[in-house]
Amino acid sequence: MKEILNVDQLAISFGNNEVLKCINFKLHENEVLGVIGPNGAGKTVMLNILTGILKPTKGTITFLGEDITKDTIPERCRKGIGRTFQVPRPFEKMTVYENILTGCVYGSRISEKEARHKALDILEKIKLSDRTKDFAGKLGLLDRKRLEVGRALATDPKVLLLDEVGGGLTESEVEEVLDLVRMVKSQGVSVVWIEHIIKTMLEGTDRVLLLANGCDIVCGCPQDVMNSKEVTDIYIGCEC
Amino acid sequence: MKLKLLSKGTYGKPLCFLVIMALLVTLPYWSGEYVVSIMMLILLYMAMGQMWNLMAGYAGLLSLGMQAFIGIGGYSLAVFSTTYGLNIFVSILLGGIFSLIFAFFISPALFKMSGVYFAIGSWVVAESLLLWFSNWEFVRYAQGINITSAYQFDTVDLYYIALVVGVAAALVVYLLLRSKSGLALMAMRDNSSAAETLGIELYKTKLRCYLISSFMMGIIGGAMYLYQAYILPSAAFSIGWTVAVTFMVIIGGIGTMEGPIIGAVLYVLFNQYLYQFPGISMMILGVTAILIILVAPNGIMGTLHNKTGIEILSARRNVG
Chain V
11 MKEILNVDQL AISFGNNEVL KCINFKLHEN EVLGVIGPNG AGKTVMLNIL
61 TGILKPTKGT ITFLGEDITK DTIPERCRKG IGRTFQVPRP FEKMTVYENI
111 LTGCVYGSRI SEKEARHKAL DILEKIKLSD RTKDFAGKLG LLDRKRLEVG
161 RALATDPKVL LLDEVGGGLT ESEVEEVLDL VRMVKSQGVS VVWIEHIIKT
211 MLEGTDRVLL LANGCDIVCG CPQDVMNSKE VTDIYIGCEC
Chain P
78 MKLKLLSKGT YGKPLCFLVI MALLVTLPYW SGEYVVSIMM LILLYMAMGQ
128 MWNLMAGYAG LLSLGMQAFI GIGGYSLAVF STTYGLNIFV SILLGGIFSL
178 IFAFFISPAL FKMSGVYFAI GSWVVAESLL LWFSNWEFVR YAQGINITSA
228 YQFDTVDLYY IALVVGVAAA LVVYLLLRSK SGLALMAMRD NSSAAETLGI
278 ELYKTKLRCY LISSFMMGII GGAMYLYQAY ILPSAAFSIG WTVAVTFMVI
328 IGGIGTMEGP IIGAVLYVLF NQYLYQFPGI SMMILGVTAI LIILVAPNGI
378 MGTLHNKTGI EILSARRNVG
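Residue numbers (the working numbering), protein chains in the order written: chain V, 11 to 250; chain P, 78 to 397.
These are calculated hints, taken from the structure and not from any lab test.
Just to be clear, a hint being listed does not mean it is correct.
What the hints assert, rightly or not - Short derived list, chain P residues pointing at chain V, Cβ under 8 Å:
1) Leu-92
2) Ala-186
3) Lys-189
4) Ser-258
5) Ala-264
6) Ser-270
7) Gly-276
8) Glu-278
9) Lys-384
10) Leu-390
Since this is a predicted model, take the numbers as computed values, not measurements.
Idealized CB from N, CA, C, for every residue including glycine.
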């Protein structure tokens, strides 16, 4: 499979606090990479660096063969990196339709006229086509998460970074999130998926990366990683 | 058939607009001078309200320093038309251009701030201009300038100038909000970090909005001082302009295009009534504002929209 994203020796420090020490991984075309790790492992910080919100102190990010380490957030979006936030950030005073439309117009750089059809198509896919006229601020948590994914999809991403998209949801709702991720993959989009609900995540990922203390510990197929000594050590604290 | 089309709204809005425009254009022919001068003030305050609302209500840039551009516009008119004898309309236009240039140079510093810091920063800029103009020999220090060139216009002329400025301000805001930039402004207002991850360039979006409103505020300042015919730094750069505009927009409905229109009508009419109570007029105005905010926190238009869904000049995108 073609390599789409290459993260090489990524590190970041805030003062003396070394949050990411050395992260390395590769993401392939149309692959879902699950990222697990205990709280404080640096998962969201890594996502913020990949999006451009934080600047790394060391390391490079190569996207489709191009070094994007110094690119701004909008530049990365236009090149094909989309993201969702751990706590959804909808444009609350805009309608659901306008939220998606904004993603289409700015992320995909198409005219508003062209964007209308695309927005409706995305709303259908994320199962929000019956709420187009509602203000985004009035949506419940699951619908907000759907909207986040839809809005990111509207930018035509090649890689979608999902930050705990299942967080705070009930078991049945998490299943819907899993369907959402599968739908994203079916669109040919590669996904980096940070999640704490590991059981569900494992069903939708091709590979899993374990982070701990700002380092990548192990990466491989989900079952191998979950059965590895490293996961047991990090999550349980001893070899059982 | 005609009724059906009107009820569907196909021609309803354009027809309403044409009727209102016809009434406004013909106003001096069927009403007295007092009504014309009141309408002139309403139009100028409405124009100011539209620009402040564009910044605060649509872009999330709460500015307390828009009076800086009213002052620049007013002084451009005074200096170019009275001191240098330039055409009045050219002088007003120069006021807009100088406001735009000034806004361009202060924006890098101002945009490093956000929220309440941006509000205070913009206010400090306006206060600095007040001090500078009060100590500048070229503009006769704090003594002010008598804008003698304005004497050539009567109330009707001034009304038509205000009408052009008012309609232009509303049109500029409407077209901007209906354009691609409108989506970016509203997205930036609601969540700037999320907006950025969708490819929106925050700095450029803010700058575009700030420059447009500064330019228009400069023009409005010129038109306002054409009516006042005397300019003083303490009045031209007074925070009072922003207080009035904030009152209008919040009462009318922030983040709605109709809000500044309703707010301007109420503010000007209420002010006319309050002339009877010179000592306590501001107190009455303040208490009224507080009461309206308590009853209708989203302003008159915002509350009406929430309860009935009514929007006359909507920047909203509809499906299909």
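Status of the hints after comparison with the structure:
no. : hint    : result
1   : Leu-92  : 25 Å, violated
2   : Ala-186 : 20 Å, violated
3   : Lys-189 : 16 Å, violated
4   : Ser-258 : 10 Å, violated
5   : Ala-264 : 5 Å, holds
6   : Ser-270 : 7 Å, holds
7   : Gly-276 : 4 Å, holds
8   : Glu-278 : 5 Å, holds
9   : Lys-384 : 14 Å, violated
10  : Leu-390 : 16 Å, violated
Of the numbered hints stated above, those contradicted by the structure are hints 1, 2, 3, 4, 9 and 10, listed in ascending order.
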